[in-house]
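Q: Chains as they are written, first to last, in the numbering used here: chain A, 1 to 511; chain B, 1 to 620.
Mixed in with the good hints there might be a few duds.
Stated by the list, open to error - Capping the alpha-carbon separation at 27 angstroms, the derived lysine-lysine pairs in DSSO-like fashion look like this:
(1) K368/B x K443/B
(2) K299/A x K159/B
(3) K368/B x K454/A
As the list claims (entries may be wrong) - Ranges between beta-carbon positions, derived for each pair:
(4) E356/B x T376/A: 30 to 36 angstroms
(5) L451/A x T19/B: 14 to 20 angstroms
(6) K531/B x P438/A: 37 to 43 angstroms
(7) N203/A x G71/B: 41 to 47 angstroms
(8) F279/A x A562/B: 57 to 63 angstroms
(9) S362/A x N206/B: 21 to 27 angstroms
(10) P438/A x N206/B: 17 to 23 angstroms
(11) S362/A x I465/B: 54 to 60 angstroms
Calculated from the structure, these hints are not laboratory results. Note that beta-carbon positions come from the ideal geometry of N, C-alpha and C, so glycine has one too.
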Amino acid sequence: MSILTYIAGWPLLAALALIVVPRNYRVIIRAIAVLATLISAVLAVKMFAQFVPGATGFQFEQQIPWVESLGISYHVGVDGLNVGLILMGAIVAFAAALCSWEIQTREKEFYILLLVMTGGILGAFASLDLFFFYFLHELALVPTFIMIGVWGRGEKKNYATFQITLYLSIGALIALIGLIALYLQSGANTFDIPKIIEHAKTNPLAVNAQNFIFPLLLFGFGILVSLWPFHSWAPLGYGVAPSPTAMLHAGVLKKFGLYGLIRIALPLLPQAAQSWAHFLALLCVGNILYVGWVAMRQKDLNLLIGNSSVAHMGFIFLGIASLNLIGVTGAVLIMVAHGFLAALTFALTGYIYKQTGTLEISALGGLCRKLPFIGTALLMAAMAGCGLPGFANFVGEATVFFGAWKMFPAITIIALWGALVIGGIYMTRAIRNVLHGPLPEKWNSLSDANLWRKLPYALLIVSLLVFGFLPKLLTEKINPDAQKIVAMATGNVIAASETSAPAVNFVAQNK
Amino acid sequence: MKNELFPWLILFLPLLSATVIALFTLRSKTVSSLISIGAVAAGFVLTCLFVNANGIHYSGETSVNWLTIGGLNVDFGLKLDALSMMMLFVVTGVGGLIHIYSYSYMDEDAGKARFFAFLSLFTFSMLGIVLANNFLMTFIFWELVGVSSYLLIGFWFEKPSAGDAAKKAFITNRLGDFGFLAGILMVWGLLGSLNFSALQNAMVSNPAALGASATIAGLLIFCGAAGKSAQFPLHVWLPDAMEGPTPVSALIHAATMVAAGVYMLCRTLFLYNADALHVIAYIGGFTALLAALMAVQQNDIKRIIAYSTLSQLGYMVMAVGLSGPTPAMFHLTMHAFFKALLFLSAGSVIIGMHHEQDIWHMGGLKKKMPVTFWTFTIGALALSGIPPFAGFYSKDSILAQCLEQKNYLLFAVAVFVAGLTAFYTFRLFFVVFFGKEKTDHAKHAHESPLIITAPLVILAIFATIGGFIGITNNYGSQFVADHETLSLAQQFLEPLKTPVPMFIGIGVALAGIFLAFALYKIGDKDPLPAKLGGLATAMKNKFYFDELYEATFIRAHDFLAAVADWIDRWILEGAIIGAIRGGTDLSGRALRLAQTGNLQTYAFLFVLGVALLLYFVLGK
Chain A
1 MSILTYIAGW PLLAALALIV VPRNYRVIIR AIAVLATLIS AVLAVKMFAQ FVPGATGFQF
61 EQQIPWVESL GISYHVGVDG LNVGLILMGA IVAFAAALCS WEIQTREKEF YILLLVMTGG
121 ILGAFASLDL FFFYFLHELA LVPTFIMIGV WGRGEKKNYA TFQITLYLSI GALIALIGLI
181 ALYLQSGANT FDIPKIIEHA KTNPLAVNAQ NFIFPLLLFG FGILVSLWPF HSWAPLGYGV
241 APSPTAMLHA GVLKKFGLYG LIRIALPLLP QAAQSWAHFL ALLCVGNILY VGWVAMRQKD
301 LNLLIGNSSV AHMGFIFLGI ASLNLIGVTG AVLIMVAHGF LAALTFALTG YIYKQTGTLE
361 ISALGGLCRK LPFIGTALLM AAMAGCGLPG FANFVGEATV FFGAWKMFPA ITIIALWGAL
421 VIGGIYMTRA IRNVLHGPLP EKWNSLSDAN LWRKLPYALL IVSLLVFGFL PKLLTEKINP
481 DAQKIVAMAT GNVIAASETS APAVNFVAQN K
Chain B
1 MKNELFPWLI LFLPLLSATV IALFTLRSKT VSSLISIGAV AAGFVLTCLF VNANGIHYSG
61 ETSVNWLTIG GLNVDFGLKL DALSMMMLFV VTGVGGLIHI YSYSYMDEDA GKARFFAFLS
121 LFTFSMLGIV LANNFLMTFI FWELVGVSSY LLIGFWFEKP SAGDAAKKAF ITNRLGDFGF
181 LAGILMVWGL LGSLNFSALQ NAMVSNPAAL GASATIAGLL IFCGAAGKSA QFPLHVWLPD
241 AMEGPTPVSA LIHAATMVAA GVYMLCRTLF LYNADALHVI AYIGGFTALL AALMAVQQND
301 IKRIIAYSTL SQLGYMVMAV GLSGPTPAMF HLTMHAFFKA LLFLSAGSVI IGMHHEQDIW
361 HMGGLKKKMP VTFWTFTIGA LALSGIPPFA GFYSKDSILA QCLEQKNYLL FAVAVFVAGL
421 TAFYTFRLFF VVFFGKEKTD HAKHAHESPL IITAPLVILA IFATIGGFIG ITNNYGSQFV
481 ADHETLSLAQ QFLEPLKTPV PMFIGIGVAL AGIFLAFALY KIGDKDPLPA KLGGLATAMK
541 NKFYFDELYE ATFIRAHDFL AAVADWIDRW ILEGAIIGAI RGGTDLSGRA LRLAQTGNLQ
601 TYAFLFVLGV ALLLYFVLGK
């Protein structure tokens, strides 16, 4: 059995086990959930450490045939594209389980859903079979809606649940249509992703089929990742979600759509990818600039962070749209970095909410005095969020800028403005109004996190710093496989991109 | 390279110190401050040993690969040459003295341990800029000094003004960094490398390698320098940065960080074409003039010195723009001595005055604080450019550079600013130290303890003799191929080689001092507002730049934010959700039409269905 099966399997197994635990055994329920995610995280670290960069094919591979007539099999494996994501996902899941102390009603159900979500998403990232890839993602997605609907907070809970369910279901549906069309059009008669890709090398999909399927995948996956203008569900949903759910969804689950684009759409639909690249880059401006402005305007800390998280997705899309090695590597880097960061920020706002009962920015202020640890951690998260070097996000964003520069210089300049100036404005404003300034008297009774509660925050900060200081740990793994994807995605136009002809020309020719 | 490990230790010891303090020793003020002081002192000793082993004219690099992705190759590399080694001395030497001073200055503050952690973080970042061998490393540390400065300006974060000042400094710097990173991308795109030596080789072998973008690329990179070194139009953050503790003002906002922009320009001088340098020179000259005018009507002791810092940075940037990196770096180093001295002396005054900073509440401190008085006097003379103090030599070299480049306009500006500098410096000097004590605090002022005054004395010595102890020799060898090394006596008499700027410079400085003497020797209120009228008000209000930016840049962004938020709320969210909801609703209504509840209709539809089915099955 592959270590990947264990990484995704332990949380699912624990979820099953929890069903039989009586609901008043709270400590045991919690211990099982924490332990299962811990095992999964430790195994993920081991897997990451043992991963050999640049080895041919997939590692830790396992394949069990299932429905042979349709070509469906249980097939898991990692290469440079998903090894970092699985590590990030497992660590975030552990942190989310630790942060679940804030849930105090119907704990049993909550932990079961949390574990299903964890197992589902880790399994989806490990899957190399389209069926399981999609099915496991749905398995993780549905609990999100329930958790927000049942354990969510605030007055807007129902509306937010309604909106997030609607958007994500439609997004997933559109992506499903795209994937089925891809299965039918590829002619490989298998759900096995590596086999489909291998098949496409000799029998590429017809260009008009590509042009039909690519937008389905782009917008289907795009909606799941809050691509502008389909983003409004995200800040609202994260604003009301219980923090463990927000951590897992914003940090991990949301990366599924991006991973799908890179893993499936780019290599299989190269011509369509090239002709859509410029359009995608334009949509990134919506994410980076427009949503950045929206973030500036927010009066609720969670909405601000939710919008900033949407803005960060723009950098990832920009990296993908640049369709070159540097850009795609940068996109994967940000996916990992943002996972840690989003989890960290939502965990921290969850702590503050639990203490104060509000995240209204104007009601807070001066919190650094009473909450030195949480305040410092939030300051670090804000700084990582506006691209401070030392944190992993900077490496990813800078790499994307370098990758995008040759393709879309004007859009890169706009992205720089969004990252450095607009990000700087709303993050420092938030710090000024939440952490700095005089402490309102009503918050005199707040208390800082104790050692045990500090653990998840510390874990996430350390992860951000490790990859921020030593990005090579990730890049040397991502590089060879990103190279393969890019080679397939650019196939016939490698020469053109190397002479740094702008992608605009290609788009113009295509149309 | 001998002792190759030393530069790495110099760089990373402060980071280690910051980490250890943050994780383990926050509870102990003494241990924390000693760790931090130890790290920077060790850096100074290691710098001495390293330079002793390799010689100051050594040039080399040591690096490890940090990141390689296709054509993007970034080393974590240290560049060691005269330029960076001299800066190591400045940062660890002057910085070390300020660390020691802070030990006493911050003694009563509950956050002393945190202060020293930030100070160490800053030292690490600043050393990183000094040692970086490529653009991305420079940018990384550039951002890190930015955030250290942010943390230290906002050190007393409960004070709203400190929080605001920190925010303002951060955002203004980010504006500069935006241009800086765009420039880095542009240079990388055109030349294919980030390494300074590789870029220099590329530019030497083909001076037109940047093509038509050369001016834009140069000016974009200069944006970074303009942000950090607070050049017009990004100068607004520096005066507000005085909200930080005084040692921070001395270390970051006078001696080192704000000089980073000038240092970076000198490091990358090979990139700039004549047009870019021209713009840089005029921006520098304009900043020098603008800031000097503002300084004339300020009343806060630290703010006056802050404006003078702006003005002196303008001199340095102007010198770089006039193709004079040696005068620029020379002035940078001298400025580090005398400006750190002035700030620390001001800090000593502030302690003596129980945290009073308005000069019109002081007066007559000469007798109460003799050591501080004398060190401040030396600093003021050096800043005003009176021989033989340090500032005289470096300012003279800049004036000479203006004439050598035949830029008479900038020469005139520089001369005028020299006069203004002497004037506002001695305005401060007379009001604070002479005349009557104007408040009770001034009557009860007392001299500071030895640990405060000792660093002052050491800095005062360098502010006195710094001009002729070989510093130009070291910089000269970096920038001029056939540089001749001058002896001590030659250096002492160097300004005589160009008597015109020298005599003019001394003349206007003496005139400025005399004017200040005439106006402020006995006066206990400022006679200038009455004489200058509206101009004085404009000077006092910093020519309304804050208001201008508030009305344009900030307003524009807030307006766009409001528009985007409105669209988000009412159009995107409303329309899309509405469309989906409406669509579902509509199809529901349409389907409901079929459900009439009428048995005949159902029967009719049933028969119709069967007929259609039969037609498809049998009909074909």
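Q: If a hint holds in the structure, say so; if it does not, say that too.
A: Tested hints:
1. K368/B x K443/B: Between K368/B and K443/B the Cα gap is close to 8 angstroms, so the pair holds against 27 angstroms.
2. K299/A x K159/B: holds (22 angstroms)
3. K368/B x K454/A: Status violated; Cα separation ~51 angstroms.
4. E356/B x T376/A: 30 to 36 angstroms: holds (32 angstroms)
5. L451/A x T19/B: 14 to 20 angstroms: Holds, since L451/A and T19/B (Cβ atoms, about 19 angstroms apart) stay within the stated range.
6. K531/B x P438/A: 37 to 43 angstroms: Given about 41 angstroms between the Cβ atoms, the range holds.
7. N203/A x G71/B: 41 to 47 angstroms: violated (32 angstroms)
8. F279/A x A562/B: 57 to 63 angstroms: With a Cβ separation near 28 angstroms, F279/A and A562/B fall outside 57 to 63 angstroms, so the hint is violated.
9. S362/A x N206/B: 21 to 27 angstroms: violated (57 angstroms)
10. P438/A x N206/B: 17 to 23 angstroms: Violated, at about 59 angstroms.
11. S362/A x I465/B: 54 to 60 angstroms: The hinted range 54 to 60 angstroms holds for S362/A and I465/B, with Cβ atoms some 56 angstroms apart.
In summary, the structure is inconsistent with hints 3, 7, 8, 9, 10 from the numbered list given earlier, while agreeing with the others.
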